[in-house]
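*Asks:* Each chain is listed here by its residues.
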Amino acid sequence: MAEIVTGKKGAPHTDMTPMVDLGFLLITFFMLATTFSKPKTMEIIKPAKDDPKNKDAPKVNKNRVLSILLGENNKVYFYQVAAEDIAAGKPMQVDSADFSVGGVRESIKARQTEVQQAYGTKDTLVVLIKGVPKATYKNFVDIIDEMRITDVKQYAIIDRDKIDTVIMEQMGFIRR
Amino acid sequence: MPKIKMKRQNIRMDMTAMCDVAFLLLTFFILTTKFRPNEAVQVDIPGSTAQIPLPEKDVLLITVGKVGDQKDDRIFFGVDDQNTRMGILDELAKEFNFTVDGEMQKRFKLLDQFGVPLDQLPQLLKMDPVELANFKQPGLPCNPDAKLMAGQTGSDTAKNHLGKLIIMARTLNPNLRIAVKADKSAEYGRIDDVIETLRKTNSNRFNLITSAKAGAAPAHAE
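One line per chain: the protein sequences are Y and D, in this order. Read in the numbering used here, the first sequence has 49 at position 36, and its numbers run on one by one without any break. Read in the numbering used here, the second sequence has 251 at position 108, and its numbers run on one by one without any break.
These are computed hints drawn from the structure, not numbers from a lab. These numbers were taken from a predicted model, which means no experiment stands behind them. Beta carbons: idealized from backbone N, C-alpha and C, even for Gly. Mixed in with the good hints, there may be bad ones.
Said to hold, decoys possible - Partial selection, computed: residues in chain Y whose CB lies under 7 Å from chain D:
(1) M29
(2) M32
(3) V33
(4) A46
(5) K51
(6) E119
(7) S120
(8) P146
(9) K151
(10) F153
(11) Q167
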């Protein structure tokens, strides 16, 4: 009996090259379209507005306070004065800094050292953060970030008060 | 001289393994991809060293940024949970006396964020997608001094629609976490308006969205 000759032996070979090409093309597309890094957030907790306990804001000794006023053009102004001194017309010293290396961070650290010498621990420092309306959001985030970086344990974001208005006038921020 | 005859060989690479890897990676990327949603407002978020990740769901997002070539910072509102969205639309229809048809419902359900005074919302929902993409939304009125509950009248600058929406959304879905996403160059005054509004609605805990910044590690981690 004659046998049927079945050409080559073994599995048939498919050329996979185009398929691989396509696979990698799609991978590239999805890699570029993916948003991998989840945005990070910084949490802010403000005191309740109508809390009767907060009616009288706690008084803090000026010796352990650093007030920071966010100004325009990436400038920050800081000072350590009590409201009574302003009312009494005492001269006050206002320093300014920016967010560059050796800027505001060094000033906060210097203040921390002062507080540490006076009270024994730098955690006693209270930083009050205020901003002029024209300050940018970036500066606001930066300064809160500085609190984290310099490990300031107590800080508060508060409204501007009289002293800030004086500074704003001096610096020419009020031009409405 | 006799030449050495080399046997011609057809090099055949087995592509199967490579193909497997390629498709494995492909599947991975397809499954993990989350497309960037269409944003009505361009926001370039500032960097920080903060490490808290944004929750996956139940996020109430307040966006502050500039629209197109406009100079002012505008406020947008969005909730990712679609059930809450539908609830908000019902409440708004009741309060501002407009009727909602099926098409408008569908559009609102897919609207990630919006920034028009609430009485103008029906007009926004009547726009087709192309029109909507080209429309420069004026932003939500947000005056922290305005009364939230009373019927708000007068010019847009005297109203606080953002506060109204926050109260509605949080009543409908108490699990909502509040996140504020603002542009680097947004003015602090505007951010302050938003923060004051949040405080007024008793949302004293909120998150500011920032991108992770390399470098500067927190001092206590050193």
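*Asks:* Are the hints correct? Go through all of them and say.
*Replies:* Hints and how they fare:
| no. | hint | result |
| --- | --- | --- |
| 1 | M29 | holds, 3 Å |
| 2 | M32 | holds, 6 Å |
| 3 | V33 | holds, 5 Å |
| 4 | A46 | holds, 6 Å |
| 5 | K51 | holds, 5 Å |
| 6 | E119 | violated, 13 Å |
| 7 | S120 | violated, 15 Å |
| 8 | P146 | holds, 3 Å |
| 9 | K151 | holds, 4 Å |
| 10 | F153 | holds, 6 Å |
| 11 | Q167 | violated, 15 Å |
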